[in-house]
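Dock chain to chain to rebuild the complex, using the hints, since each chain is given by itself in its own frame.
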Amino acid sequence: MDNPYLPYSVRIDEIITESEDRSLKTFKFVFLNSEDEARFAYQAGQFAELSIAGKGEIPIGIASSPVEKGFIKFTVNKAGVVTSHLHNMKTGDIMGVRGPLGNCYPWEKLEGKNVLIVGGGFAFTTLRSSIIYMLDSANRPKFKDITVVYGARTPGMLLYKDELIEWEKRDDINVHITVDGTDDPSWKYNVGFVPPITEQKAPQGNEDSYAIVCGPPIMIKFTQPVLEKLGYDHNHIILSLENRMKCGIGMCGRCNIGRELVCKDGPVFSLSEVNQTPREY
Amino acid sequence: MKVIKIDKAQFADGYKALQKVYKLFGPVKEKAFYNFKELVDGRQADLSFQNTRLSPKSIVFPQSEDMFTYTLDEASKDANQLKPVPEKNESRAVIGIRPCDAKAISLVRMNFDTQEYKDPYWLNLFNATTFVGLACDSPCQSCFCTTAGCGPYHEDGLDILLSDQTDHFLAKELTDKGAKLMKAAGWKTKATAGLEDKKKTAESKITAKISTDNLSGADTLALYNANFWEDASFACINCGTCTFVCPTCWCFDIQDEVHAKNGKRMRNWDSCMFPIFTVHTTGHNPRETKLHRVRQRFMHKLKYFVDKYEKGIMCVGCGRCVSQCPVNIDIRKISELMNKQASKNICAVQK
Ligand SMILES: Cc1cc2nc3c(=O)[nH]c(=O)nc-3n(C[C@H](O)[C@H](O)[C@H](O)COP(=O)(O)OP(=O)(O)OC[C@H]3O[C@@H](n4cnc5c(N)ncnc54)[C@H](O)[C@@H]3O)c2cc1C
Ligand code: SF4
Ligand code: SF4
Ligand code: FES
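So the protein lines, in turn, are chains X and L. Residues in the first sequence are numbered consecutively from 0, following numbering that gives the first Met the number 0. Residues in the second sequence are numbered consecutively from 0, following numbering that gives the first Met the number 0.
Same shape as in the complex, but just chain L (with noise of 0.2 Å):
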């Protein structure tokens, strides 16, 4: 694996380069803080923030995609008939995604690129984009990022990982798709020192730990059934910031919008938070209190997960539901939580 030199200075030009060939998103500040966009007009990615506000999940599952459009009007041969939006193919480049967020992405493929199943509209985005990662050397007080399988320096997901070096960037080509993008970009000075060095000193600053040790061998159904759920969703204002801000929450909505005869159908983010998201038209509710819901989106995250794919949490330790849950519910306490009672049961199995 190549290691290339980047000096600041040449960023410039790299840049302008890329944009014949790419789309390319980074992180922008707008008012007090940064989040990904879309880089039009030579703008650059600002790459000293130290994480965006929201995640980069945007980039392959829009908040809001369109899947398909069709015309209602009678007199038209194809009324009534769906027709899929045209794909999206074109280059894509994600300049400055941090190693977590990327982490993120490729979890969040095991739900749409299936066996039996690809989502189209995911998979086209994600196959088009080229992943160029920025490791984190100033984490967030909130992150735990090395105790949920990922860490500043992880490379999962991404095609390229920039290591900030005051002068310079060093670039890591993981994959071919980096490769060809270093290429495009004119950046081929071979470096002579590695990237370990900042990584075991980014590494150590990271203190904050998420403790699971023990939820992939527990019952399932005792800890559903444990007694501290309530406690630990009392002040839950169903407000949804959390899954909002997740990278690794997919869940999404299907509805149909009509304007005059012209309709589309398309898929908006959802949340387990919301009541809504499983009533039934009879009004019942299998998930009818918001104890069912937090229940819900812990469970998933840190045991259903676990248990379906054995690739771990289904959390990257961004630590972005912990600092903007208006009510302090913080997935690190109740995994503790989780993680203790999961505890009693192996034990009381073992006995």
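Excised from the complex, chain X in its bound form (with noise of 0.2 Å):
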């Protein structure tokens, strides 16, 4: 019988520090049997459990995108044990990746959408996935315009910034950083919470549009209503969840939604799903 509990070895390829304060750390995994990579295959927005011997797992989103090939990433906050642990660790150790777990954002009915992707904070990491996705030269055809609204408390928290520069200067992707203050004089983006920023910069929602909204309860909070004004209707409003772990596959009991179970059901789930539960994430 496979063990749905055992994950895949890996080792640690590269640690990139993403923001000024080090609290976010982008890691980047190979496997060390090649086969697994292949077993590991993925879709943007699922997650997995990454496992530390002695410490536990940790359920964290994918960063890395299916058309990126060879590699895994994933980029943790530092917030207790696990993630602790993980940040003192160097490139070349040895850990365990299990999954991939979850469902994915809903891409057969994104195809040939507007889609608007809405992002707070580290809670970005998915979406990063979902672009990469996006832009590839396979893929971009499939999807009409895409419009992208991402900020960080401050400049130096903004994950990805290569990245974010790069998709600045293209014109098949229309990005919008903001961040809530900054002192910087030479910022020449956005100031402002995602929210408003969103209700200024995004397109109007109608049948042909989707936005997918990740970050915060406070920033999902206040961008539901803004939403609902530009016109995206609550089966188009996509949003992925968040609530404590253990098994990732259904089993262990403790992160439902009512009936839902958000490891195994979600994370991904429509604003009128989610309407449907008692809210308790």
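These are calculated hints, taken from the structure and not from any lab test. Just so it is clear, CB atoms sit at the ideal spot from N, CA and C, and this is done for glycine as well. Keep in mind that a hint or two might mislead.
Below, simulated DSS-like cross-link-like pairs (lysine-lysine); rule was C-alpha separation at most 25 Å, straight line [said to hold, decoys possible]:
{"#": "1", "chain 1": "L", "residue 1": "182", "chain 2": "L", "residue 2": "4"}
{"#": "2", "chain 1": "L", "residue 1": "199", "chain 2": "L", "residue 2": "4"}
{"#": "3", "chain 1": "X", "residue 1": "27", "chain 2": "X", "residue 2": "160"}
{"#": "4", "chain 1": "X", "residue 1": "54", "chain 2": "L", "residue 2": "76"}
{"#": "5", "chain 1": "L", "residue 1": "7", "chain 2": "L", "residue 2": "19"}
{"#": "6", "chain 1": "L", "residue 1": "198", "chain 2": "L", "residue 2": "310"}
{"#": "7", "chain 1": "X", "residue 1": "54", "chain 2": "L", "residue 2": "1"}
{"#": "8", "chain 1": "L", "residue 1": "1", "chain 2": "L", "residue 2": "187"}
{"#": "9", "chain 1": "X", "residue 1": "228", "chain 2": "X", "residue 2": "263"}
{"#": "10", "chain 1": "L", "residue 1": "87", "chain 2": "L", "residue 2": "22"}
{"#": "11", "chain 1": "L", "residue 1": "7", "chain 2": "L", "residue 2": "22"}
{"#": "12", "chain 1": "L", "residue 1": "263", "chain 2": "X", "residue 2": "89"}
{"#": "13", "chain 1": "X", "residue 1": "263", "chain 2": "L", "residue 2": "198"}
{"#": "14", "chain 1": "X", "residue 1": "72", "chain 2": "X", "residue 2": "54"}
{"#": "15", "chain 1": "X", "residue 1": "89", "chain 2": "L", "residue 2": "260"}
{"#": "16", "chain 1": "L", "residue 1": "199", "chain 2": "X", "residue 2": "27"}
{"#": "17", "chain 1": "X", "residue 1": "108", "chain 2": "X", "residue 2": "228"}
{"#": "18", "chain 1": "X", "residue 1": "200", "chain 2": "X", "residue 2": "141"}
{"#": "19", "chain 1": "L", "residue 1": "30", "chain 2": "X", "residue 2": "27"}
{"#": "20", "chain 1": "L", "residue 1": "310", "chain 2": "L", "residue 2": "263"}
{"#": "21", "chain 1": "L", "residue 1": "307", "chain 2": "X", "residue 2": "263"}
{"#": "22", "chain 1": "X", "residue 1": "24", "chain 2": "X", "residue 2": "68"}
{"#": "23", "chain 1": "L", "residue 1": "36", "chain 2": "L", "residue 2": "87"}
{"#": "24", "chain 1": "X", "residue 1": "54", "chain 2": "X", "residue 2": "108"}
{"#": "25", "chain 1": "X", "residue 1": "168", "chain 2": "X", "residue 2": "187"}
{"#": "26", "chain 1": "L", "residue 1": "19", "chain 2": "L", "residue 2": "182"}
{"#": "27", "chain 1": "X", "residue 1": "228", "chain 2": "X", "residue 2": "143"}
{"#": "28", "chain 1": "L", "residue 1": "176", "chain 2": "L", "residue 2": "4"}
{"#": "29", "chain 1": "L", "residue 1": "199", "chain 2": "L", "residue 2": "189"}
{"#": "30", "chain 1": "X", "residue 1": "24", "chain 2": "X", "residue 2": "54"}
{"#": "31", "chain 1": "L", "residue 1": "36", "chain 2": "L", "residue 2": "82"}
{"#": "32", "chain 1": "L", "residue 1": "76", "chain 2": "X", "residue 2": "89"}
{"#": "33", "chain 1": "L", "residue 1": "117", "chain 2": "X", "residue 2": "263"}
{"#": "34", "chain 1": "X", "residue 1": "54", "chain 2": "L", "residue 2": "307"}
{"#": "35", "chain 1": "X", "residue 1": "54", "chain 2": "L", "residue 2": "263"}
{"#": "36", "chain 1": "X", "residue 1": "89", "chain 2": "L", "residue 2": "82"}
Which residues of chain L face chain X? A few of them, derived with a C-beta cut under 7 Å, are [to be verified]:
{"#": "37", "residue": "4"}
{"#": "38", "residue": "6"}
{"#": "39", "residue": "10"}
{"#": "40", "residue": "280"}
Laid out in structure tokens, this is it:
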């Protein structure tokens, strides 16, 4: 019997410090056993359990994109036991990755549509995965307009800065970067919280457009009325939820919101689905 | 389906024969209470018990169970890599499991044996076990199995059903696994009588009831937002006894434990009644108050599970949580409240 709790062994190939306060690092992993890469076939929006022997496991969204081959990437905020330990690990260290887990963004429905991406803070990880996926030359024709609104507290807290600059220059994606505040006089992008910037910059919604929203609960709360005002239907507003998890495969019983298990039935839900649950997240 | 007569005088010999083939488990009395234990050194199951204090779920789902081992010794080429513990496939049999507890195990199976994932630890133990049930002729006052989709002679989840007939047992073979066990024990005298008469008498003795008829059609959020939860949860002290003793509760935690350089990853029973169960690392807790947690336990058993599997409620009416809750929170009363509330919603929709 396959053991769904057994992680694949991986080696840390590269560690990138993303934020000026060093609280966010991106870990690039390579599978020790090369066949495991094919077994780990994933789609943008899914997550995995990062496993450290002696410390435990943590659910983390997959930041690399299915179109990137040879490695997988995760961006981890230093928070508690496992994440702090991970932040102290070095390239070459061996650990485990278990997954891919959960559902993905509804790619079949998104094809042929305008896609608005709204992200805040370090929840931008699976959105990065999605953007890289959609911008891939084989995939870009499948989508209409792509708009991104992404915000962080300060310029130094933005993830994936090199890629943001590159996307800024392209004409097949509209990128609106914003920060809550900055004293940097050379800052040439937006200043303001994500919800009002979305209101100013995002295109009107209609039956041909979807919005994917990922960020801290407060940002999601204030973005929802903005999207409603812009005309996005609750069925077309896609959220990725977080709850405390252990098994990640629907068995340990802790991550449910009503009947739905965030780890297995989610983490991606439409707002109309979420509205039918007790919203215990 | 064959019915075999086993004279009580033959029982001991059968045991001896079974012990050669199976690891046996059965109810034994320790101090004031009965519990299921492994029967070693010729110890016999004490089938005069009424019900056990803990459910026998630990036979397939140990309270604490190793999943993986590993070494942290960097000198080893396998350092930091997890190895599954050896599979437990040896034949085992439980003698005297009550029909309610056996049905509970078959409900829990739906959680561990899914289309997408199979839990190898639970399933290996389950597949290796033969369940020999003992029908309930003198149920406890707190039992309400007959309205919980079960009954004192219920057969779901059993391989054999035994009925005590004073000087002998009647054994109904329900599966091939059961037939194999009967053969190994050498019990083969065909019976002339059946179990039906005693079944009817036993069923008529169970008077406590749980009301669930409106639940599956009810509006989830209306039940969730009903105003009785505050009162219903007021006395709860979050001790977790209810989930600990319940045969249908399966929530678990996964933890790593290290001694020197040797580590293991294990799972332990957990409980939705504990505040820490759902707390995020940020400190945010989606089920912050005991109202949330008591509501979760009953909504899961009586509504979410009902809707998800369409196989009835996640409770077999064993009565353990009713008799052991220190503050007398009673699932029968809560379900009554939920069922009443549900009837209001249904009426409102029909109008
Ligand atoms: C779907 C999903 C995607 C996510 N994506 C990301 C991401 O991309 N980047 C990111 O940085 N974060 C992400 N998170 C959040 C991340 O999972 C948590 O920050 C992380 O689990 C914290 O782990 P920790 O060990 O540092 O914290 P701790 O709070 O120390 O937790 C350690 C582990 O033990 C458990 N635990 C903690 N305290 C106890 C206790 N007292 N008893 C028993 N168990 C305990 C926790 O559940 C955790 O598994 C995501 C979460 C989810 C659900
Ligand atoms: S909820 Fe209570 S009565 Fe029902 S199966 Fe669990 S312990 Fe028994
Ligand atoms: S046994 Fe009673 S007091 Fe203890 S957690 Fe359960 S409902 Fe609360
Ligand atoms: S994390 Fe175990 S059920 Fe979702």
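Exercise. Between residue 200 of chain X and residue 141 of chain X, is the straight-line Cα distance small enough, at 25 Å or below?
Worked result: Since the Cα atoms of residue 200 of chain X and residue 141 of chain X sit roughly 23 Å apart, the hinted pair holds (cutoff 25 Å).
For this session: Take the C-alpha atoms of residue 27 of chain X and residue 160 of chain X, compute the straight-line distance between them, and say whether it is at most 25 Å.
Result: Holds - the C-alpha atoms of residue 160 of chain X and residue 27 of chain X are around 17 Å apart, at most 25 Å.
Exercise. Is the straight-line distance between the alpha-carbon of residue 263 of chain X and that of residue 198 of chain L 25 Å or less?
Worked result: The given pair, whose Cα atoms are some 42 Å apart, is violated under the 25 Å limit.
Exercise. Given the proposed pairing of residue 228 of chain X with residue 263 of chain X, does the C-alpha separation stay at or below 25 Å?
Worked result: This hinted pair is violated, its Cα atoms lying about 31 Å apart.
For this session: For the pair supplied as a hint, residue 89 of chain X and residue 82 of chain L, confirm whether the alpha-carbon distance does not exceed 25 Å.
Result: holds, 23 Å
Exercise. Between residue 199 of chain L and residue 189 of chain L, does the CA-CA distance stay at or below 25 Å?
Worked result: holds, 22 Å
For this session: With a cut-off of 25 Å on the C-alpha distance, tell me whether residue 54 of chain X and residue 307 of chain L pass.
Result: This hinted pair is violated, its Cα atoms lying about 34 Å apart.
Problem set entry | Restraint check for residue 228 of chain X with residue 143 of chain X, where alpha carbons must lie at most 25 Å apart | holds, 21 Å
Problem set entry | Restraint status (C-alpha distance of residue 24 of chain X to residue 54 of chain X at most 25 Å) | holds, 18 Å
Exercise. For the pair supplied as a hint, residue 72 of chain X and residue 54 of chain X, is the alpha-carbon distance within the 25 Å limit?
Worked result: Holds. Residue 72 of chain X to residue 54 of chain X sits at ~20 Å (cutoff 25 Å).
For this session: Verify the proposed pairing of residue 19 of chain L with residue 182 of chain L, using a straight-line Cα cut of 25 Å.
Result: holds, 13 Å
For this session: Would you mind confirming whether the straight-line C-alpha gap from residue 87 of chain L to residue 22 of chain L stays at or under 25 Å?
Result: Since the Cα atoms of residue 87 of chain L and residue 22 of chain L sit roughly 12 Å apart, the hinted pair holds (cutoff 25 Å).
This entry does not satisfy hints 7, 9, 13, 16, 19, 20, 24, 31, 34, 37, 38 and 39, going by the numbered hints stated previously.
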